[in-house]
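Here the protein sequences line up with chains W and X, keeping their order.
One point on numbering: in the UniProt record's numbering, the residue at position 6 of the first sequence is 6, and numbering is uninterrupted.
One point on numbering: in the UniProt record's numbering, the residue at position 119 of the second sequence is 119, and numbering is uninterrupted.
Think of the hints as simulated: they come from the structure by calculation, not from any bench.
It is possible that part of the hints are untrue.
Stated by the list, open to error - Pairwise CB distance ranges (calculated):
id, chain 1, residue 1, chain 2, residue 2, range
1, X, Ile70, W, Glu83, 36 to 42 angstroms
2, X, Ala107, W, Gly66, 38 to 44 angstroms
3, W, Glu101, X, Gly89, 22 to 28 angstroms
4, W, Ser87, X, Phe67, 39 to 45 angstroms
Owing to the predicted nature of the structure, the values given are computational and were not obtained by experimental measurement.
Glycine included, C-beta positions come from ideal geometry on N, C-alpha and C.
The residues making up each chain are set out below.
There are 2 protein chains.
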Amino acid sequence: MAIGGTAVTPGSGAVAIEETAQLIAASKVAGTPVYNREGEHLGTIEDVMLDKRSGQVAYAILAFGGFLGIGERYHPLPWSVLEYDLSLGGYRVDLDRDRLEGAPSFAASEAPDWTDRAWGQRVYDYYGAQPYWLQVP
Amino acid sequence: MAIGGTAVTPGSGAVAIEETAQLIAASKVAGTPVYNREGEHLGTIEDVMLDKRSGQVAYAILAFGGFLGIGERYHPLPWSVLEYDLSLGGYRVDLDRDRLEGAPSFAASEAPDWTDRAWGQRVYDYYGAQPYWLQVP
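Just chain W, same shape as in the assembly:
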């Protein structure tokens, strides 16, 4: 559940405060690699979608699949499935490729209907997580 932390790397970003034990800069989450339980590289976090009203992370967007960027799809993940692994230097998720291939996703060129709550519910159900709109920090 909790996402662990790395030490602050001075000079690696615009903000010296990019990461602490409790907090992380959104700009640092983007570009972070994601691995499965076996340490196999799955993809990279592309961006983080925030709920405007509450300021809650709605989805971490995982760029997954394809080859050299072709056929790559975006997989919205609940924040809670990402666990930071210091030794890997990336996030570890309890998902294999097959499981991920069957997950709700969309092509890089298309936009899902984020306003469709049933769609959001399906994403959260797939990962067995509580929807962001019901979460209490």
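Once you have looked at the hints, place chain X on chain W.
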């Protein structure tokens, strides 16, 4: 309280889904200008700090003051003080320069003690907002 939305601008980012009525990509928040009630430009959102455990925005970091980047300071703002103004193409805050100059801030080269909850409380008290660790989405 609520942050309004602009239409999605195709091709302006890597992700076609960078903004909807409810959601916004963190990468899009960064770089967005901030204005006061009078429409005076105050600064730019530098980054968004997320709480690792809850996935809640802890602070939006406003780069403010200085000249040509010299003397600029980072002001952590509660997410709730940012209100998107479509006509300005940026966030509007109910704060003038004097008020902002007296706010908790830190130099770009230094890192505040984010683990110090009293410091966080001081930030939220300054803006009359409820601390992120007490917020219910």
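Structure-based check of all given hints:
1. Ile70/X <-> Glu83/W: 36 to 42 angstroms: holds (40 angstroms)
2. Ala107/X <-> Gly66/W: 38 to 44 angstroms: The hint (38 to 44 angstroms, Cβ to Cβ) holds, given that Ala107/X and Gly66/W are roughly 42 angstroms apart.
3. Glu101/W <-> Gly89/X: 22 to 28 angstroms: Once the Cβ atoms are compared, 39 angstroms apart, the range 22 to 28 angstroms for Gly89/X and Glu101/W is violated.
4. Ser87/W <-> Phe67/X: 39 to 45 angstroms: Holds - the Cβ-Cβ distance for Ser87/W and Phe67/X, about 44 angstroms, lies within 39 to 45 angstroms.
Checked against the numbered hints listed earlier, the structure breaks hint 3 alone; every other hint is satisfied.
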